[in-house]
Each structure stands twice: as structure tokens, then as C-alpha cells.
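From first to last, the protein sequence lines stand for chains A and B. The first sequence begins at 13 in the working numbering and counts up by one. The second sequence begins at 5 in the working numbering and counts up by one.
Treat the hints with care, since some could be wrong.
[As the list claims (entries may be wrong)] Reference excerpt, derived from the structure (chain A facing chain B, CB under 10 angstroms, subset only):
#1 E454
#2 D597
#3 G599
#4 Q763
#5 P767
#6 K909
In case anyone wonders, no lab produced these hints; they're calculated from the structure. Every residue, glycine too, gets a C-beta built ideally from N, C-alpha and C.
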Amino acid sequence: MSGARRSPTGGLIDRSRSITFRFNGKEYSGHPGDTLASALLAQGVRLFGRSFKYHRPRGVVGAGAEEPNALVQLGEGAYSTPNLRATQIELYQGLTARTINGWPSLSFDIGSINNWLARLLPAGFYYKTFMWPRSAWMRYERHIRRAAGLGIAPTAPDPDRYDKMHRHCDVLVVGGGPAGLMAALAAARAGARVILADEQPRFGGSLLHTDARIGGESALDWVDATLSELKANSNVTLLPRSTVTGYYDHNFLVINERRIHHLGPGQADPRISRERLWRVRASQVVLATGAIERPLVFGSNDAPGVMLCSAVSTYIRRYGVVPGQRGAVFTNNDSGYQAAVDMAWAGMEVNAVIDLRPSPAGQAVETVEALGIPVHAGHVVCGTRSNAQGLNRIELARLTDNGSDILSYKGLLDCQVLAISGGWSPTVHLHSQSGAKAVFDEELACFVPGNSVQAERSAGSSAGTFDLAGCLSAGAGAGVAAARASGWSGDNLDIPMAIGGQCGSIQACWEVPSTELDSTGLKKFLDFQNDTTVADIKLAAREGYRSIEHVKRYTALGFGTDQGKLGNINGMAILAKALGQTLNDTGTTTFRPNYTPVTFGAISGRAIGEDKFDPIRKSAIHSWHARQGAEFENVGQWKRPWYYPRDGEDMPTAVNRECTATRQGVGVLDASTLGKIDIKGPDAAEFLNRLYTNRWDKLQPGRCRYGFMLGEDGMIMDDGVTTCLGPDHYLMTTTTGGAAAVMGWMERWLQTEWPKLKVFLTSVTDHWSVMSVAGPRSRQLLEDVGCDFDLAAGAFPFMAVREGSVAGIAARVSRISFSGELAFEVSVDANFGLALWEAVMEAGHRFDITPYGTEAMHVLRAEKGYVIVGQDTDGSVTPLDLGMQWIVSESKDFIGKRSLSRSDTARDNRKQLVGLRTSDPQQVLPEGAQLVNAPSESRPVPMIGHVSSSYFSANLGRSIALALVKGGASRMGGTVYAQLMDGAIVPAVITSAVFLDPENERQRQEAV
Amino acid sequence: MLQIDCPWCGSRDQDEFQCGGEAHIVRPATPEDLSDAQWADYLFNRANTKGAHAEQWCHSGGCRRWFNIVRDTVSYKISSVYQAGASPPQEKP
Ligand SMILES: [Zn+2]
Chain A
13 MSGARRSPTG GLIDRSRSIT FRFNGKEYSG HPGDTLASAL LAQGVRLFGR
63 SFKYHRPRGV VGAGAEEPNA LVQLGEGAYS TPNLRATQIE LYQGLTARTI
113 NGWPSLSFDI GSINNWLARL LPAGFYYKTF MWPRSAWMRY ERHIRRAAGL
163 GIAPTAPDPD RYDKMHRHCD VLVVGGGPAG LMAALAAARA GARVILADEQ
213 PRFGGSLLHT DARIGGESAL DWVDATLSEL KANSNVTLLP RSTVTGYYDH
263 NFLVINERRI HHLGPGQADP RISRERLWRV RASQVVLATG AIERPLVFGS
313 NDAPGVMLCS AVSTYIRRYG VVPGQRGAVF TNNDSGYQAA VDMAWAGMEV
363 NAVIDLRPSP AGQAVETVEA LGIPVHAGHV VCGTRSNAQG LNRIELARLT
413 DNGSDILSYK GLLDCQVLAI SGGWSPTVHL HSQSGAKAVF DEELACFVPG
463 NSVQAERSAG SSAGTFDLAG CLSAGAGAGV AAARASGWSG DNLDIPMAIG
513 GQCGSIQACW EVPSTELDST GLKKFLDFQN DTTVADIKLA AREGYRSIEH
563 VKRYTALGFG TDQGKLGNIN GMAILAKALG QTLNDTGTTT FRPNYTPVTF
613 GAISGRAIGE DKFDPIRKSA IHSWHARQGA EFENVGQWKR PWYYPRDGED
663 MPTAVNRECT ATRQGVGVLD ASTLGKIDIK GPDAAEFLNR LYTNRWDKLQ
713 PGRCRYGFML GEDGMIMDDG VTTCLGPDHY LMTTTTGGAA AVMGWMERWL
763 QTEWPKLKVF LTSVTDHWSV MSVAGPRSRQ LLEDVGCDFD LAAGAFPFMA
813 VREGSVAGIA ARVSRISFSG ELAFEVSVDA NFGLALWEAV MEAGHRFDIT
863 PYGTEAMHVL RAEKGYVIVG QDTDGSVTPL DLGMQWIVSE SKDFIGKRSL
913 SRSDTARDNR KQLVGLRTSD PQQVLPEGAQ LVNAPSESRP VPMIGHVSSS
963 YFSANLGRSI ALALVKGGAS RMGGTVYAQL MDGAIVPAVI TSAVFLDPEN
1013 ERQRQEAV
Chain B
5 MLQIDCPWCG SRDQDEFQCG GEAHIVRPAT PEDLSDAQWA DYLFNRANTK
55 GAHAEQWCHS GGCRRWFNIV RDTVSYKISS VYQAGASPPQ EKP
């Protein structure tokens, strides 16, 4: 047994109360104040998971965000959250958690076979093996992911709510340790609006696990006094359990606040959201984010029981956990000695402090020696031995005088806990995210913040100040400076006297040397989560990798959920050495948001569900469609009736019925969703001339015209009918989905390029309800409805517009047709839309009037070869490609005109619009099907085009398709082949895109 | 997220704006007179400046007015905001 236990007294836990919880199905207990990790450690649990690649047993290494091993799936069902660090989960009654990377079980792990095959799994193994051929990767990926044991996202909807907060502040202080508390105090006293955020449930940072004294009182008393003052100040917002996860441009920072996680699922007041995402614009930022201790890198340094010195101190002092019976310390700096002091204080047998420095001296050494703990100077731990419970022995060796090699092996030493310290890495993540560059400091052997790019300053150990007195002073200075920079005039603070928390020299060590004698082949791990070893980094360097960014991706260093908080700096240093560079030459990988993972719930906030993710737009007639049982289709933000099934009809039956009825009797379509832009002003016609490919200056009031709008690259952007309502007054219609973009496009040209044009634009899309009445009976129907003007062809010709009254409602009626039938588009004030619709439906009984949806509309227009912008065009199609030269004016300039004569747009083998007829009239080609000239076994087969629209036409009794085919206009009667996903090859004959009534006799109906 | 001073509405989050790319690209008066290369230069080629970059922005979620800013493409600092059609302010030596 390891001898781990709960200490009889001490720690910031509430021993008067017990909490029961389950881990991997077994019941345990702990106390309020515990984390999942501390409670488990106190009950002798050492094995927390298995590693990514070799499936080696792993234990807790750290005590906070840096923890790479102890990842769990927390909670059940909809509350379940994957990949959380056990070191940061506050214990609550009834908590359940399980290891995410122990499949199929922690004790018997099939993946550990990988360990025996280790020589076959070098760096880049996954790339080399699985990325080619790609199809193989798709087969393996599922199994690899399962074996790798990433957590599982819950499938049920999230039962909790999430909120966003938007704040401005003068000073945002990140981190509530000694430096951050002083900074907040100084800024608050100066009068600044302060936000102080800390990721932990309690403020205090390193002071939560120290015996240091500040201002003559215990450090914790000082923290309490400081917090009382901050709480009493209404300008201060204190955010515990809040991680500043991202630092973006112009001092915009994001804070993820976890409000109720610590209470357990369903325990909080339901009015309280689970998490809040604070979006903060800070005038000044103080980064007091602390530092993360670095591991030392030696053989089998991943044994459960090897922990950071600071973690050992934290478990002992803060959580009252004795992590084992026997302990030892391996360090290259003075701070590691504190773990020996703390272990002795907790009653552990401390066998040795192994210090790789040849002659450590000073107060830390003296304190440890006074406790009777032997100090082995110039020695290293070069390997570990484990039993079923993890670490039980360490192997000692003596270094040569220059420290570069092993001089002699010194045998094995019993211990269940090895506390390691390779120095400290300032948490420069946010500083780096702000756009600044961390620089390597040789004396401190760490990266420290470089020059600020944004309004931020680092203070305390995040700036490389590792002693307590220095942190207090630096924090106070940064707080005052930040307040002053945001316009306040604060005084300097008195710095309270600090006793304890000293810091001494460090001797950088990135890798404990091994010798030729060392035939054990022990792996030296850098990244515990991804099993990246020293050998992997060196292999990458040998294989020619030079950039740290490439090495990262090749070896997976820092790829895990911990993003390399523990291992990256060691890895970068080893690469630098292998490349013969300085660490500043090699640099760091890019620090990107988020510092720790953020849930999707927090990111989406309230913007979820059908009604809040995106606005839903409904026409004024929507309720009628819904009552008729229409199926709806999303078009942009609009809900449009797709088809109206009657008596259990399926979709093809309903659509065929709607198409037939419209061509034989009369159909009605709700066309209200088309974009409408009111254009006024003396230069309106000139503006239209510049926007559209055709001419507008001769269009008379009471007439309308169809137009194409091109991008300046000559490609079709939008289309629609524009009506001249009067002198200098037009109403433009756009596609339903393109309305906002067209409005923006027009505004942009008017404001930036043609500010002298006197034109005013107003979006009136929602002002009008539009009903398209189509079919041979449409004229009779409107006469029945009641219309106060002459509908006869002679009086009301095609492409004319009349204003008057329809069914007693003021209306504008246009003789336009998108179906190819005689048709009237009736527009009324949207408030009367439903009344008009119902009046028309009522009058239409005797014609068996049929409402039709967008699907029938698509079929009807395809029968006529009318394109839909965005379906038959895709941003690479010109009007000439559609065979519509007639709409392109030769006699004026317009946006995109010059591009139509560029060599690429003018060539004759461009993809051109054609019709396709399959030899089997029942076969409907899938839209998007690729077309080839000849089916071929040899791949790749040259693609010559694709099917853009394809339907069964009930009116024609056969399938029809529109397609874009290279040089299609000159290939009428030729055959192309569609190669389908299932391997079938379907021949089709190229025809005109107009399948029905090429002379347009139906829509003109001039004879009637 | 940038913070942009709309000349009409004041300082607002980038969320409310839309970037229109490089400013001061004038549409040729007579496109038909241009060679393919000249037209392509207007249509496609942009300076891709490292440093001070004059660019168009629209306060699309606000007043919907287009205006110009000079923004450093490395530091993202915005050194000036001026109206559409105006000349970029001369850089101080
Ligand atoms: Zn504005």
C-alpha cells in the first residue's frame, strides 16, 4: 500500500461534514473543500487513467489546470461533461465520475499491448500509418479514438441555461493570488472599476497552501481581510470559479464563470444559469496568472506517485491529504525543498532531497537538513520502479562535475511519492494571446512576458517574480499603474511584510542525462497526456523538422486537453538543443484561446433552439398555410410552404397534383418573401442602369422588367423584377435569400463609389403581401374576386402593372409569370394579406383552386428553363453562360460588364446551361450529380459539368433536368453520363433548357 | 474583437460592423478602355499591406454608413477614422 491517508487535522476542508461520491462505480467519501482528486488521493487511489498511446497507468501529477492525466467524465445523462480535470472538480454529494481513458478497464487495458510494441510507435506514427491512404484513416479513426479514450459528449439536450454578460471596466485583474489581490486592492483604492477573476473557488492562489505570513498574520487571514475590503467596494466585481480563457484584440477578454457546477446537477436555484460567459472590454489588464511548475524529465517519470512539488504541498496543506508513507524530492531549485518540509510536517518519512545542483546552499537547504532529511547534491533520479499501486522505488545516480552525464549509479530508494520540481514556467498564455511574445530568461530559466502589445502588464510569478514579497510589491505596483493609465490618480500602497515563500537559484535541466550503460530503455515523458517522449522530439529533429509548430504536430506535443501546460517548455528546450539553437530562436508554439476548455453551452448562451438561434420570418399568410397542413421549407430566415399534402399524400404525389392543377386550372403561391426595395430619386433610373445588365431608362410607369445583377467579376449575383411605379420611383424585387445582401450591395455603391447619385433606398420586404395567381383560369378567378380595372390582355398586357382594388383591397397587380402560365401577382398591404388570400381561395372553389408550394414552383419554372439564382448559378456563372445574351446591354456600362469580355469569361467551352433528358423517363437524376463524357474505369474521370436542377414533371410525364455542361450550348443532341454515388452510370441527352411552351404562348394569352 | 469608432455612432464592437477591404480603390471611369490586365488589377489585386492599411468598414448593424479607417495589420491598432470619399490622413513623420 502507498500509505496515503487523510491527515488528522489541517487543510481548508470542512471535516464536520462528509460527502459520498462514486468514482468508476465505487463509493468513496470526502469533505466540502475537497476536489475529486484530493478526496481520491486521501483514500489511496493512485491510478486515474491510462495514457493516450502506450496506455501506461497514470496518476495525478498536478493540483490544478495543468493536470494532464486525471481526466474524467463527470456526471450522468444530460449533465455529463467529458474531459474534466479531477484536480479542479469540487466535490459535491452524489458526484459520479469515471475515468475517460481506461477502456476497457483501468486494471486490464487492452491498449497496453502498445507498450510492448513501443518500438513500432515512434513520433509521427499516426501520420505515417493512418493518414495514407485516407480511406484507411476513416476506418481506423473510430477505434483509435475509442482506445485513446477521449470523453463522450452527452446526447440529451442540456437541461441548464447559460448566460452572457457584457462589461466595461477600468482594470481587469486576472488571478487572485498574492499579486492579483494586491493589484485589485491598489486599483480599487484608486477608484477604478475593477473586475478580479480567479479560476478557483477561493481567492488566494499559492497562499492557500503555504505556511507563509503576511503583515504579521497568517497568509489566509491576510487574504480574508483583503477580500473583505474588496467586497465592500461597489466598484469591484469579484468573480471566483471564473477562468479568463481568451485575450482578444483591443483589450477584449472572455471570462468563463462556472456558477453551479459545485452544487451538483439539479441542486441550484433553477433561476441561476449554469455558466456565464463574460465579454469584457477592459481599459487596462493586470495579468497575475501565476506560474506552473515544470516536471523534471527522467526515465519512467510517469509512474503514478510522481507529482509536482507544488502539488504535493497543495494536497498536504490545503486538502489535508498525506499522499503516501515515504516521500522524496527531486529538484533543480530551492522551491522544491518546501515539499520536503511539508511532507515531514504531514508526518511522512522523507527519505531524501535529490538536488542536481552540485552545491546547493542557503536557507532552504538548512531547513531541510535541520529536519534530518538527507540532501544528495549533484544527484539525479534516473528511473523509477512501480508495483500495482504505482511508484515504489526510485533509482539514484550521481552526475559528473559538469552535470552533463551520469557518473555512477547509486542504487534504489524506497518511496511512494516523488515530488519533482524543474523550476517554474510563468503562465504567459494570456500575455501571448494578446499578441505579445514571451522571451526566454536564461537566469530564471523560463519564458517571461515580453513587451506589451495591448494595454496589459504582468505581475508576480507570471512575470518571473517567484518570491512572495516580490509578488506583493509587483502586484501593488501594477494595480496602481493600471488605475493611473485608465485615468485615476491612486497612491502607492504600503507593502505588507512577507515571511516565507522565498525563492533561490535554479540550474536549468531539460532532460536528466542517461548513459550508454543505461540499457533499460526507460522512456522520458514530456507530454503525459499524449505520451510524447524526449526520443520523439529528437527523432523529429533527425527527420528534418525545424519549426516548433511542425514538431508539435508531428509528435503531438501539447496537443491534449491540457495544451501542454506541463510539458511544452521542456519539449521546446530539448528541440532547441537538438537543433543547436537558443530557446529564443526556437520559440514557443502559439498560445491560442481558450486557456482551458469552454463548454459549447457557455459559448452559445441563450442563442439556442429554433426561436433564438436565428430569427424566423413568416409571411402574413403563414397561419393559413399552417392550418392547411403545409410542410415548410427554410429559405434564408423565411419559412415558406414547401407543399400542401392532402389526405396523407406523400411529397411527390402532392407536388405532381399542385403542378398539374396550376397548368390546367389555377394555382396560388405565397410570394411575399421575395425581397422588396423601394428606390426613389432623380437618379434612380441611372442607378438601375449601372446595377442591372439591361437598360432601365426607357421603362415607363406601369411597366416592369426582369433583370440580372452581376458582381464586378461578371458573375450573376441576384435577379428579380423591378417595376416603374412613377417618375423617379421604382420597386425592386430580389430573391428571398438575397434581399439583405442586395440592399447592402446597393447602399455600398451609392455611398462609396457614386455618392453624387441622388437615390434613396428603403427595404419594404415586410410591408407587402404578395400572392401569385397562375394558370389558364387566373384571369377569370380575379374577375370573380372583384377587380376594378380591365384584366383583358389588350388592356393589361404582359409585363404591365396596374393599381386598383382587388376584393375591395387596395392592390398592385403585375402581369408577370415565373411558371410560364398566364399569371397575376397581387400585392397588398401586409395587414390585408390574409384577407386577400382568403377571398381568392373562397372565389376559387369553382375552379378547384390549388395552393402550391416552393417545390411545385421549382418544377414549373424548370419546365420553362427559368433559372434560380443560387441553384442553377453558383457564383461562377454569367448571363452568357445561361444563353441570355438578350438581357446584356451593349450600349451602356454596368457593374461586371467589362468582366464578360475577359479571356476566361469569353471562352466558348465554359459551363453552359442546358437541359438533360434521361433515356428512362422515370429516372430523376440527383441534383449535384457530376457529368462525364464517357464512363471510365480509370480515375480520375474528367468532369464536364453537373446537374443543377432535377425533377419529375407531371405535366410532361417524364423527368427533366437542368445542367451546366462545358460547351453545352453547341452540344445539343449529344450524350453525357451522370456517375452516381452508388456507382450507377446514367446516360442523358443534351437538349434545350426549355421543356415546355418554347414560344411562351401560355403566359402571354394575348388571344383570350 | 476590434473596437471601432463609427463616425456617426461612436465606439462600438466589431460585431456590429462589416469590413469591405482595402479603401481608395476607384472604379475605372471607362472600363471598356482597359486591357484585361488593367481590369484584373482593379478587380483582383490588393496591396496586402503589412502595417498601416486604409480600409472600408460599414456599420451594418447600426447606422449602415460606410467609412474608412487606417488600421495596422500587425498590431490591429486603429490610428484614424474618416468618412468615405475623404482622403486618408497624412502620416505624421
Ligand atoms: Zn454608425
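Earlier hints that do not hold, by number: Of the numbered hints, 1, 2, 3 do not hold.
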